[in-house]
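Sequence order for the protein chains is A and B. Be aware that the first sequence starts at 141, since it is given in the working numbering, and climbs by one per residue. Be aware that the second sequence starts at 1068, since it is given in the working numbering, and climbs by one per residue.
One thing to keep in mind: the hints can contain errors.
[Claimed, not checked] Computed Cβ-Cβ distance ranges for the label pairs, DEER-style:
hint : chain 1 : residue 1 : chain 2 : residue 2 : range
1    : A       : D436      : B       : Q1072     : 13 to 21 Å
2    : A       : D582      : B       : A1184     : 39 to 47 Å
3    : A       : D582      : B       : T1260     : 29 to 37 Å
[Said to hold, decoys possible] Reference excerpt, derived from the structure (chain B facing chain A, CB under 8 Å, subset only):
hint : residue
4    : P1100
5    : N1101
6    : E1102
7    : I1110
8    : R1118
9    : V1235
10   : T1278
11   : T1331
12   : G1452
13   : N1453
[Said to hold, decoys possible] Using 27 Å as the maximum straight-line C-alpha spacing, the simulated DSSO-like pairs for lysine-lysine come out as follows:
hint : chain 1 : residue 1 : chain 2 : residue 2
14   : A       : K149      : B       : K1459
15   : B       : K1404     : A       : K542
16   : B       : K1193     : A       : K148
17   : A       : K537      : B       : K1193
18   : A       : K397      : A       : K260
19   : A       : K288      : A       : K143
20   : A       : K374      : B       : K1459
21   : A       : K480      : B       : K1071
22   : B       : K1078     : A       : K542
23   : B       : K1071     : A       : K542
24   : A       : K352      : A       : K161
25   : B       : K1456     : A       : K374
26   : A       : K148      : B       : K1404
27   : A       : K143      : B       : K1459
28   : B       : K1459     : A       : K480
29   : A       : K542      : B       : K1456
30   : A       : K537      : B       : K1455
31   : A       : K149      : B       : K1456
32   : A       : K575      : B       : K1071
33   : B       : K1459     : A       : K288
To be clear, the hints were calculated from the coordinates, so they are not data collected in a lab. Don't be surprised by glycine CBs; every beta carbon is placed ideally from N, CA and C.
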Amino acid sequence: MSKDIRIKKGLDIKLVGEAEKTTTKLPLSSVYAVKPEDFHGITPKLTAKEGTEVKAGESLFYSKSDERILFPSPVSGKVTEIIRGARRKVLAIKIAADSKQTYIDFDKKDASKMSEQEVKNHLFASGCWPFIKQRPYDVVANPNQAPKSIFISAYASAPLAADTSFTLAGKEEELQVAVNAISKLTEGSVHIAIGNDEISPLANLSGAEIHKVSGPHPSGNVSTQIANIDPINKGEVVWVVTPQDLLVIGELFLTGKFNLERTIALTGSRFNNPHYVTAIAGATVTDLVKGNLNNDNTRIISGNVLSGKQVNEDGFFGFYDNQITAIPEGDDYEFFGWNKPIFNKISTSRALTFSWLTPKKKYDLNTNTNGEHRAFVVTGSYEDVFPLDIYPMQLLKAFMYKDLDEMEALGAYEIAPEDFALTEFICVSKQPHQKIIREGLDLMREELG
Amino acid sequence: MSLKQNLHNLKEKYKGTKMAPAFNAIHTFLYLPNEVTHGGTHIKAADDLKRTMNTVIMSLIPVLIFGMFNAGYQHYAAIDSSLRADIIANFFTWDNLWIGIIKVLPLVIVSYGVGLAVEFVFAVIKGHEVEEGYLVTGMLVPLIVPVDTPLWMLSIAVIFGVVIGKEVFGGTGMNILNPALTIRAFLFFAYPTWMSGDKVWVYDAVNRTGTADAISGETILGSYAQNQEVIYSNWDKFMGFIPGSVGETSTLLILLGAAFLIFTKIGSWRIIVSTFIGAAVMGLLFNAIVDASIITESSKFYGLMNTVWWEHLMIGGLAFGAVYMATDPVTASQTNKGKWIYGFLIGFISIMIRVFNPAYPEGVFLAILLMNVFAPTIDHYVVQGNVKKRLKRAKVKTA
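Next up, chain B with everything else stripped away, as it sits in the complex (with noise of 0.2 Å):
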């Protein structure tokens, strides 16, 4: 018999069974189910839930591995800046792949590994199919955290961004903030010190601390909180050769997994460009208020108010959250004029938290949250819009 044959025979032991759903979840992964319609239109698309999630994994495994050379790339340039000289040769080599692997993978792995567990335990329990939801967000999770994350911490923000986040709202389509977000924000307010400072940026840099050997690396929003020289170029800040997060560093890579969502209509171009164009406008202010010499140089925004508006769309997290994150489709604006003015906004407040928030210089992450608890009510209010068209259609009529 062959395997078809035989999952089949299973599935139809297991119907019913508590254990259903934890079976169907595999099976599912392996086969496209035998299931045809009732009722209703007697064809499908053939775009399912699975697909439109693996669309955005595969937009993600780009900066995945660009994270993971990375990684080990600032640990070792960390060492020896000499090799920042010649970036294209040091970049691409098995000593940085090989830092990559024994730490980012890891991340991965205990990422999909809890956050699914945790999914299959609630399906069991529910008794519903288990939802792809997670797939993203475990994804998601290792690129937004510091490279020396504890993975026993990771767990734990895992287990609280999903149960909390998202299973207590029902599961997959019912929550209200993006879990990868809740599970950043979770470490971020729970162990700060991992979650920020110049040390947590770059490999071994915290066991190092207070040796001979020890090193640093600070992101470049954090130097410029501190109104500090910053030692990359341009160049680099685009093709991501900095310190940062994992996944977040390359605007390059991400730009090409935005053109590749945008392209496979998964991903809203109404909220990425929006959130764009928030950014740059808060930039100009921004800059407007340095001409203006309402800020000097004495002030302690001076070095992030002074950032030219273009530069702040390459740094830290904002295009990671601008094409990733904003565009997550359960806790963005539903509406399609709602998205313009959802992505503005989150642009908008990133930048502002950016430059005013003195301890932790980026914003990206909390104003997304923020934005997605306003989300609803932007989506209630263009509604109404509709609504109110509708009534004064009728009215015109009898007057």
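Just chain A, same shape as in the assembly (with noise of 0.2 Å):
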């Protein structure tokens, strides 16, 4: 039975800079570098030590939480530095790429003729574990807990998103080949959503149930799917997947080998020619950047505006993202700022605010808050660019004044901190929303399990 998803609430924030559908195949970086913090919720443990050679899918740490849990190397490399923050928390392990790559051998596999206990067994070795995600929580998922099923979306709503229509494009084998082997991890069926007018590369696959999605953002936010096809209630568990990664597990069963080379959006007005490139997760932001970012008070963001993660030039690309977006800075005072007309930002009210005259404008925001931080006053706004079924308000309160049973009754097993970007951009008193919802779920995780 496959159910079509069509969402009225939300907002599409329409900023220039998207990217043009042309890939360029970058070179591989010098330098390479896992953050553990990527993996929201791991403590790491590490096997790899400064010195020692790598070779792309050995791991370099494991979760202490399980041993099975690998944290693979992206590259074939050396370790050179391994950085650690206060109180010695290892903040990324550094690897220098060799010139010449050489992967570790998994062995090819055949899904359909694994068990699965095989199939995880497979996962764990090759480090694709971390891949694999689960709601409640927002963390890489818990293998001893059974999901009752797996959500896949390839529908991207969020601000200048990469279009998996086109960074999949022609990967149908791998990506069958993935879903035949995560379908044996539940019981449950295996639920891909794709936008309503694209081609995918998805729409065939067979295995799964595919569900068409249309509305604003944050209509290709998975929790928003969840809620539509089959909402999260209390002790249940929900798998959730990425397209791309599901292309790294896809190419794992069909070569045997760990890649991690990904298709990327370079998205954002400080982007000279934003279009495509193809990198390896875990490469020097320079060296995807090069030649084409315009860096003066630039904000590099590896992830979308809404979500991302800020990073310098020399940072990293982050694990999990397949976009890095490049904004100008707004650390300018703006001369009555509060009160004059504004028609070059986005709002959706319309005080004195015009872009409800102009929908379809391309707004080359910055990052600017505009405003100071204050409690909440204003309600009824964030009910209108949220979808689920929750009342947002009520749950953030909850989720800050942490009283567990409230913050479960009212549906913190259903959301992920993505799921409250939206109203915290529209958010008058400039609240941190995704802050709260972050800490409220590591709280629940750790007094719950």
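Grab the two chains, each in its own frame, and use the hints to assemble them into the complex.
Below you can see the structure in the form of structure tokens.
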């Protein structure tokens, strides 16, 4: 039974700098890094030491809570540095890449002939387990819990998001193999959401339910789709895989190689030529943006403008990301900015803000907060951009005063921080919604398991 | 060096000091701060709380200006009732405006001056930024008091209202009662003679009491409550050429303000509409009681009960309360469903108090304060509905 999803509430943020659909293949970076903080909630136990030679796919560290979950090196080379922060927390493991890449051979496998446990073990061994994340809590999946279903959102509705129909084009075989494999992991179904009017390479996969999604952002957020197809109840677990990670899993089964190369969108007004490049996750940002970026007072984001992470030019591209966004910083004062008519910024109100007149216009927004942090005052505005059957402000407040029962009752199991990105964007009181949600989910995970 | 740079340097200099909030309040009034996002979304929508509050103030300007003219008009019309024959010619005159300038503007200035001073003091003591909540309250207060309210009285009420009504709860966004109405309630209970009767609504009427030049001006509700004839036409009532608190008389301008607030998505149309519906329903009920001859002309409630239901919507402070007071997002219900219930009950109870309150024939501010108290309860049950739905879904699954 396939079910189409139509979302009415939401907001498409149209920005300047959409990636043009051409792909440049970038040469190998000299340095790569794996950042444990990309894997939220994982405490790393290092296996690699400074000076160790690793192959692509060889594990660098494993999870303290489950030794089977390995985190692999994206490239072959030599571990040059382990950067630690306060209390010796591992911040990044730097690897100098070999000029000729060598891969561990994990053997070709035919998932259809494998049992659930065999598939799991193969994903563990090859370092592909971290691609599987879970709801509740939005963390790397706990392999000991059985998911009631697995969701893949191949529809990207976030601002300037990479178009998966483009980045995954021609990869039908890998995707099918990967779906065959992960469908072994659940007794329920694998749900794939694709855009309504696009020709997705995932549209004709077998062994999964395909759902067509339409409507404004956050229609592409996997929580929105879960809520419409198979909502999470207390005690239930749903697993989530992104389509570009599916590709890695597919390639692993087909060739035995762990290959983290993916197509990345360079987007935002600060790129001279926003387009797609192929690169390996963990690459130095400088290498990805070289010759293309106007870096005069620019914010570089690994991910999209709503939920991505700020990175420096000498930082590293995130493990789960498929997009780099560069927008101008907004660290300047604006004379009478709080009451003059505004034409060049997005607003959902019409309080002398005129973005409602030009719904198709693309904006060049900067990072200014457009106001100061305040207590919650305005009500009823979040609901217009929040499609889940949850009271967003009440949930946020419950998260702030950390009442676990109330958090649970109001729907905390169904959400991820990214679901509160739009409410954070429009928040008149400039509250940090995603941070509140993240901290609350962490607390719940700690207290309730 | 430019003003912008100078102010920036001063801000850096004051950073971390006690006076920083006071300085920043003035600075951010001139310039949108240079703050950038960190963590969370990297971009933010254009609106902030100042803009939201400012929108409400803009919607109040026509009401204020009309109120200034009306202050003079009611004064001169009370002296020479022939002026009422040609309202249009005698309303927008410099004489009328002058009375407004000497009587209404001081109310505005004192309200803002005292209220913002309290806000600044609290911001400095508690080390938080000066919040914008009072920008609207400060404008509402002069509009909901009688024109002759002494300024010292207003000052005391404002201090009481801001401190007890808001700051003790933690400031803007935390208060339970609408601060402007808390101020009015304080005035009403502390100085009842200045808030009711037939003298206070017209400038100089109190001073002239007992002299040969004595004037008076009863509000329409006052006349009805005493089962007297009302001299004003429905047109007067709708346009606002009637005595009353400074800004609440013109239903037309209030509705224009409401349209502006709803269009800008700042005011909740749910509350505004449901308040009028609630008032209309109560009015209809009372009309039905009179029609059924349960209440006769001998009853002291007859005058107000017999008032046609739609007239109730134009007289007194109902429209002003529905549009500007009930919609305060902090003290109203916060859920969309709750807003319908909240508004409806405000309208319903307003008319009920209006009819049954023997001492003071107006109930809007009391009804809103009452519902302010019950708003969290309404929200609680609305939210519980959502919680139950979630629990039910889980049960169906396991069954």
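If you take the shortest Cβ to Cβ gap from P1100 of chain B to chain A, is it below 8 Å?
holds (6 Å)
Given the hint that K575 of chain A pairs with K1071 of chain B, test it: the Cα-Cα distance must not exceed 27 Å.
violated (32 Å)
Hint check: 8 Å Cβ-Cβ cutoff, E1102 of chain B to chain A
Interface hint status for E1102 of chain B: holds (5 Å vs cutoff 8 Å).
Under the criterion that the straight-line Cα-Cα distance not exceed 27 Å, is the pair K352 of chain A, K161 of chain A satisfied?
Between K352 of chain A and K161 of chain A the Cα gap is close to 23 Å, so the pair holds against 27 Å.
Just to be careful, I want the Cα atoms of K1078 of chain B and K542 of chain A compared with a cutoff of 27 Å; is the pair within it?
Since the Cα atoms of K1078 of chain B and K542 of chain A sit roughly 35 Å apart, the hinted pair is violated (cutoff 27 Å).
Do the Cβ positions of D582 of chain A and T1260 of chain B conform to the proposed distance bound of 29 to 37 Å?
Violated - the Cβ-Cβ distance for D582 of chain A and T1260 of chain B, about 60 Å, lies outside 29 to 37 Å.
With a cut-off of 27 Å on the C-alpha distance, tell me whether K143 of chain A and K1459 of chain B pass.
Answer holds: K143 of chain A to K1459 of chain B is near 22 Å, not above 27 Å.
Compare the distance between the alpha carbons of K148 of chain A and K1404 of chain B with 27 Å, and conclude whether the hinted pair is satisfied.
Measuring from Cα to Cα gives roughly 18 Å; hence the hint holds.
Given the proposed pairing of K480 of chain A with K1071 of chain B, does the C-alpha separation stay at or below 27 Å?
holds (17 Å)
Hint check: K149 of chain A vs K1459 of chain B, CA-CA at most 27 Å. Holds or violated?
holds (24 Å)
Distance restraint between K149 of chain A and K1456 of chain B, which requires alpha-carbon spacing of 27 Å or less:
holds (20 Å)
Take the C-alpha atoms of K542 of chain A and K1456 of chain B, compute the straight-line distance between them, and say whether it is at most 27 Å.
holds (22 Å)
In terms of the numbered hints stated before, the structure departs from hints 3, 9, 10, 12, 16, 22, 23, 28, 32, listed from lowest to highest.
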